[in-house]
Structures are given as structure tokens and as C-alpha cells.
Amino acid sequence: MSVDPCKIKNPGGKLARWMVASNPSHSMTSILILKGKYPSYLFEIVPTDPNNECHQVEFQGMKVTIKVRRDFDSFGTPPKSYLIEMLTWYTANKLKPGLDQISKKTPH
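Numbering (my numbering), first residue to last: 10 to 117.
Hints were generated in silico from the structure; no laboratory data involved.
Since the structure is predicted, the reported quantities are computational estimates derived from the model, not experimental observations.
Any given hint could be a false lead.
[To be verified] DMTMM-like, lysine to aspartate or glutamate: derived pairs with alpha carbons at most 25 Å apart: (1) 105 to 53; (2) 72 to 109; (3) 113 to 58; (4) 103 to 58; (5) 89 to 58; (6) 76 to 109; (7) 103 to 67; (8) 76 to 94; (9) 113 to 53; (10) 103 to 53; (11) 113 to 62; (12) 105 to 58; (13) 76 to 62; (14) 89 to 67; (15) 72 to 94.
Let's have the full structure, built from the sequences with the hints guiding it.
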């Protein structure tokens, strides 16, 4: 398994509860988001996928699919409130690609 280096984008420049981790060499069909405060997770917002490892969240009239890529603190399944908070943060910061753009893409 190879590990690609990632860039962490942190709007505002301070260590935040939420940070975007992106790899510029990959297409923008999904986005990685790090929850930096305990319990820490690495989430991936992906195109709609019926995969049972994904969490389906209803947010602003759309279904958003989220995968837990890493549970750093072995906390277990994240509460839905974390996922809603993350999506609210993502849209409030007007980050790209937009959630609607990711949801419409076809999974690989």
C-alpha cells in the first residue's frame, strides 16, 4: 500500500476542529476532511454510494455520503452530530468542490 502525501488546507491559519486534506494529484471527485480535536477522524465525502461502510446523511435537501477513512482514537462510529457539524462547516466556508457537485459524480 502506498501513501500519497497530502496538503492540509486550514482556512484561517489556526489549528481548527475541522481541516481539509486534499491531494492535488487526484481528481476532485471526493474530499478528505480531518476532525482534529478528540475524537479525531479522517472523513471522506464521496459521490452517492450504497456501500454499507458509508454513512448517508440528509443535509440541506440532499443526501451526502461520508466514509470514515480513519478513526485515530478508536472511538467507534461517529455520532451523526459530528457529520452534520462537518458538513455545516464545509458549506459555511464555501469550500470547493461543493457538496452538490460531489454528490452528483459517479463513484469509481
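Now the hints, each set against the structure:
{"no.": "1", "hint": "105 to 53", "in the structure": "14 Å, holds"}
{"no.": "2", "hint": "72 to 109", "in the structure": "9 Å, holds"}
{"no.": "3", "hint": "113 to 58", "in the structure": "11 Å, holds"}
{"no.": "4", "hint": "103 to 58", "in the structure": "24 Å, holds"}
{"no.": "5", "hint": "89 to 58", "in the structure": "18 Å, holds"}
{"no.": "6", "hint": "76 to 109", "in the structure": "17 Å, holds"}
{"no.": "7", "hint": "103 to 67", "in the structure": "19 Å, holds"}
{"no.": "8", "hint": "76 to 94", "in the structure": "15 Å, holds"}
{"no.": "9", "hint": "113 to 53", "in the structure": "15 Å, holds"}
{"no.": "10", "hint": "103 to 53", "in the structure": "17 Å, holds"}
{"no.": "11", "hint": "113 to 62", "in the structure": "19 Å, holds"}
{"no.": "12", "hint": "105 to 58", "in the structure": "20 Å, holds"}
{"no.": "13", "hint": "76 to 62", "in the structure": "7 Å, holds"}
{"no.": "14", "hint": "89 to 67", "in the structure": "10 Å, holds"}
{"no.": "15", "hint": "72 to 94", "in the structure": "15 Å, holds"}
The earlier numbered hints are all upheld by this structure, with none contradicted.
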